[in-house]
Amino acid sequence: MRIPRYVIGALLFGLIYASIQWSEGRITDLRILSVHLLLFVVLGSALSWMLSKVLEWYKSRQ
1412 MRIPRYVIGA LLFGLIYASI QWSEGRITDL RILSVHLLLF VVLGSALSWM
1462 LSKVLEWYKS RQ
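Following this note's numbering, the numbering of the sequence shown begins with 1412 at its first residue and continues without gaps.
Please keep in mind that the hints were generated in silico from the structure rather than gathered at the bench.
All C-beta atoms, glycine included, are put in the ideal place defined by N, C-alpha and C.
Hints are supplied without guarantee of correctness; some may be wrong.
Ranges between beta-carbon positions, derived for each pair [said to hold, decoys possible]: (1) R1442 <-> Q1473: 46 to 54 angstroms; (2) Y1428 <-> W1468: 25 to 33 angstroms; (3) A1457 <-> I1427: 15 to 23 angstroms; (4) I1443 <-> E1467: 33 to 41 angstroms.
Construct the complete structure from the given sequences, taking the supplied hints into account.
Rendered as structure tokens:
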């Protein structure tokens, strides 16, 4: 199974976000932090996927 690069990118950015929030003490509950990480990955992946489809459509239009 090949994981798309936008999913990996969203996961990496989500992990960076989670580590910053945890180290600064803004979020101390691991359940809340994991929900934020999951939302970051899902929404980031969806946004990146939609942007890639829009760019493919725009390039094929010309």
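Cross-check of the supplied hints:
1. R1442 <-> Q1473: 46 to 54 angstroms: Since R1442 and Q1473 have Cβ atoms about 48 angstroms apart, the given range 46 to 54 angstroms holds.
2. Y1428 <-> W1468: 25 to 33 angstroms: Holds: the Cβ-Cβ distance is about 30 angstroms, inside 25 to 33 angstroms.
3. A1457 <-> I1427: 15 to 23 angstroms: 19 angstroms, holds
4. I1443 <-> E1467: 33 to 41 angstroms: 36 angstroms, holds
Comparing the model with each numbered hint stated earlier shows that all of them hold.
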